[in-house]
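**Q** Let the hints inform the model, and build the full structure from the sequences given.
Going line by line, the protein sequences match chains R and B. Per our numbering: the first sequence ends with 209, consecutive numbering throughout. Per our numbering: the second sequence ends with 1209, consecutive numbering throughout.
Worth flagging that the hints you see were computed from the coordinates, not collected in a lab. You may find that some hints are simply not true.
[As the list claims (entries may be wrong)] Stretch-level coverage of chain B by chain R, calculated; a stretch enters the list once three of its residues show a Cβ under 8 angstroms from a Cβ in chain R:
hint	region
1	1007 to 1017
2	1037 to 1047
3	1149 to 1155
4	1160 to 1167
No experiment lies behind these values; they were computed from the predicted model shown. The beta-carbon is built from N, C-alpha and C at its ideal position, and this holds for glycine as well.
Number of protein chains: 2
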Amino acid sequence: MAYTDQRIQDFLEFLASSEPTPGGGSASALGGALAAALVSMVCNLTLGKKGYEAVQGEMEAIRARSEALRGELTRLLEADTQAYQRVMAAYRLPRRTAEEREARDAALQGALVEATEVPLAIAEKCAEVMSLALPAAQRGNRWAASDAGVAVLLAEAALHGALLNVRTNLASLRDEALAQSIRERMTALVEGVEGLKERVLGAIAQAPR
Amino acid sequence: MAYTDQRIQDFLEFLASSEPTPGGGSASALGGALAAALVSMVCNLTLGKKGYEAVQGEMEAIRARSEALRGELTRLLEADTQAYQRVMAAYRLPRRTAEEREARDAALQGALVEATEVPLAIAEKCAEVMSLALPAAQRGNRWAASDAGVAVLLAEAALHGALLNVRTNLASLRDEALAQSIRERMTALVEGVEGLKERVLGAIAQAPR
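**A** Written as structure tokens, this is what we have:
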């Protein structure tokens, strides 16, 4: 059963357990999905509301994207757990003979690529959620501005949480060219969201009630 | 049905909808509960593990507290929605006569007190989760250190998200003495967690693998 088909109580129970999955990567994906849902909520509380006629098209476009991101982040929640399980399975492969060691090594490196790409994708989706929270806070329903604020806060935390997992797996990755390109994507990602949180929170502080 | 008895997919759907509840307060409580669960997970991955004999008692104590906080945050998730619904119900009360206006006003002020206290309690629990993530990252299972990192990130975001809701309701609260005491609790809270995230992330960066 997919994690997102589980009850919240049960998912929290699995997370807290001594099973290594689900872990921080999946929790980050869920944090990002909560943020995406909050952006959609701000749009839904703005669409069709008096006084917001001028931003209907913009809010529809934001909602289309935040709903797509919500779907992607819930899929990545599952993918992160599978990627981590693949890494653990590779670590458990036998290594008595040279052939076994070689096969284990190849399996491990393949699994590590996936276990790096998945949290990086989570972080990239979270960055996009952050960028959607800004116009939602600035021009969406003023009564829901604080929801856009919670969205940007949770998305930023989830972004950095996912990057912790990228770094962990990157340390064991031997393909230096790939590792370098991932490091560059991480840097671009962090630079791309710089100041976004402060701008969203600034927009909320100014929202007249 | 309690929100935490719902499937994750369904909760995300309710959050995204044009219904004002659940909103950012409940999402913050869930973010805090995810963080508390991750702290418990680090403890569970440390208890009974070779090399960690010296910290068994400490990890048991942390887990007892993080599990209690997880329970409290899931209860506050429901309470936040109820508090907000009470505020909305008060706003909808009739105000044609002086008596009606007076009754509406009393109902509104009572509801606002609760709608301020609940997110403040969420923020206070999140601060405690942050303080538990530090010893978990420093002395818990090194393989799970990044999970303690995700915990501190999500708990900090949830803390500030909950405070956005406190501030929103505080603005309409007329009991100035109460408002002042709440402002003081907010300041103490933010000061109390200062530097915690950086210390947790620093401990992770140093964790030898």
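**Q** Now tell me, hint by hint, if it's right for this structure.
**A** Hints and how they fare:
{"no.": "1", "hint": "1007 to 1017", "result": "holds (count 9)"}
{"no.": "2", "hint": "1037 to 1047", "result": "holds (count 7)"}
{"no.": "3", "hint": "1149 to 1155", "result": "holds (count 5)"}
{"no.": "4", "hint": "1160 to 1167", "result": "holds (count 5)"}
Of the numbered hints listed earlier, not one is contradicted by the structure.
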